[in-house]
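There are 2 protein chains.
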Amino acid sequence: MKKLINNPDDFVRESIEGMALAHPELIKINLEPNFIYRADAPVANKVAIVSGGGSGHEPLHGGYVGMGMLDAACPGEVFTSPTPDQMLAAAKVVNSGAGVLNIVKNYSGDVMNFELAAELALSEGIKIANILIDDDVAVKDSLYTQGRRGVGTTVLAEKICGAAAEQGYNLKQLADLCRKVNLNGRSMGMALTSCTPPAKGSPMFELGENEIEFGIGIHGEPGRKRLPLVSADEITEMLARSILEDTGYTRNLQEWDEEKEEWVELEITDPNLEPGDRVLAFVNSMGGTPLSELYIVYRKLAQICSQQNIHIVRSLVGAYITSLEMQGCSITLLKLDEELLKLWDAPVKTPALRWGI
Amino acid sequence: MKKLINNPDDFVRESIEGMALAHPELIKINLEPNFIYRADAPVANKVAIVSGGGSGHEPLHGGYVGMGMLDAACPGEVFTSPTPDQMLAAAKVVNSGAGVLNIVKNYSGDVMNFELAAELALSEGIKIANILIDDDVAVKDSLYTQGRRGVGTTVLAEKICGAAAEQGYNLKQLADLCRKVNLNGRSMGMALTSCTPPAKGSPMFELGENEIEFGIGIHGEPGRKRLPLVSADEITEMLARSILEDTGYTRNLQEWDEEKEEWVELEITDPNLEPGDRVLAFVNSMGGTPLSELYIVYRKLAQICSQQNIHIVRSLVGAYITSLEMQGCSITLLKLDEELLKLWDAPVKTPALRWGI
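Here the protein sequences come in this chain order: Y and W. The opening position of the first sequence corresponds to residue 187 in my numbering, with each subsequent residue numbered one higher. The opening position of the second sequence corresponds to residue 187 in my numbering, with each subsequent residue numbered one higher.
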């Protein structure tokens, strides 16, 4: 294992300490339990947006704490869910009284712990709602999930809901908005190489010299299939087709309804991507793939969307939700309406995403 | 070789085509000769800032084209200098009449070609000045250079000179400013792994399982020495010490003096870093090292600077000058005065660096 680390047990703590030292104007951290929060928290009269998950996906989530995005992020150990005490402590620090929206990637551990944290928060009088992100079209169930995994759309939901919270959306409106982003976002990823969690010390999985994992999860968990390595254009075509041809996924979600003050079962179905739709196209590095290659993927994706009469009106290209040093990429297409477009364009000021301010 | 590419011969063209498709509001490209330029070029009454160099260091330089930074970037083939015809064609497109500043990393091919391009531009009536960046403290001469190599300070010089150009600095003032940034910046890097240029198809060099290359160049060229892999804190200590203890490097530079209209020999010496100095601390990924590890390096660097009474007042942490998928990092410390600080903070809007707008 070749990494810039000290003791693997200190990996997460030292990394977030470094973040806090590098961005003191934007963020603060709390240790034991670990969370990263806005330096100016709580922001008066604003609903707080909180997310979290296993570490190893940086800049997700800690890099997105700041004005116009998250109020707090709870990092677990690498590829391990954070605990309810982290989530509860973060909620208490960032809650202004307007409530807390938890954006939760659909992994069993994250879902269970955020549900428990929400119940604890509620019992302490904090208004709270949990919204799941389950946008990965690769597999229906996986090693760590019931239902689809939450991947690239998470970044977009955090940005869009963060902007809406700044603009005064209340908790119910934010929960509805987050659900809408999730339904309109679809992702698909692939890996050229594996990755090595520091505490494990060995690769998550093995790939042959000419093999790729198509439909990879962000923890190195298996996707749809293994394939021989082909060209960037062919890989992009396969990723894009998986997204464009995905239709009508229906899931049963259990979400906290802060008005009814109870968990409710929701059956919701994705709208299809149709010719004429406007989208945000997000080409993401799994960590170790350089920007030059991402733009080669983006080039082909733009050609495919153009042929399908899907209009890319916004783009995001870079390493935004990663799997340590894994080489590979994912594509996310988010169908946009006027509301989402306007919120995407709103100012944001975080360590990893910044514009307009 | 596992990469997201098509034909290696098309790597650079397809990558910059993807960039142009992803950022149409910011940049345009010209093919044959290849260069990337501001969508709104030429900007009236503004000196144009141009840079360039071999590809494989993305986002450098193309990702820094836009308001407040570069007017054009000339990408060569991977790890290969761009040609004078690219530089001349770019200069013609972005020159508003106020002249062109070329920021040139000190590699023999880049230096020779930018000198030739400047002479050609001058013969066509374009005011032009070339300023070299030679900030790498690792080695005095190297495989591709006479004198020190140009590395991390290049990014900072492009940002700072770009801001100054927006604020109306003339060509002479910009040349002096760029030289000042170079003198006040020092860098040192290391590699955990090698990298593979697409056309070569095999790694630039081999490193043992527990070996690192200390003082690596951004083309994989050898640095000071090979060492056994040690902890992030020890590596950071070695990198930081190399910079902090570097004193009084004197170089003879041949630079184009646009007032005298001739190449002049300059003998200039770096100012030392002293206790009480304020610096910008830049921790850079060589491409394949994830952000989580960079923050572990930043953490130790902040501790070391604090012990030395060097005040870090600005930071930059991420993959800004890379060597394809190489794992490793570099540290740059730039001594700041009020002028540099103000210019660093000015708005910038490029594909890879954006704030304030």
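In short, the hints are calculated from the structure, not lab data. Just to be clear, a hint being listed does not mean it is correct.
When chains are identical, the list treats them as one kind, so a pair holds in a single copy or across two.
Here are the simulated DSSO-like pairs of lysine-lysine, each with C-alpha atoms no more than 30 Å apart in a straight line [unchecked claim]: (1) Lys188 - Lys326; (2) Lys358 - Lys386; (3) Lys188 - Lys386.
Worksheet item: From the Cα coordinates, with 30 Å as the cut-off, is the pair Lys188 and Lys386 best called within, between, both, or neither?
Response: The answer is both: 12 Å in one copy and 24 Å across copies each meet 30 Å.
Item to complete: Have a look at Lys358 and Lys386 and pick one of within, between, both or neither, based on CA distance no larger than 30 Å.
Response: Result: close neither inside a copy nor across copies, 41 Å intra and 56 Å inter.
Practice prompt. Tell me, please, which holds for Lys188 and Lys326 at an alpha-carbon limit of 30 Å: within, between, both or neither?
Written response: between (34 Å within a copy, 28 Å between copies)
Hint 2 from the list above is the single one not met by this structure.
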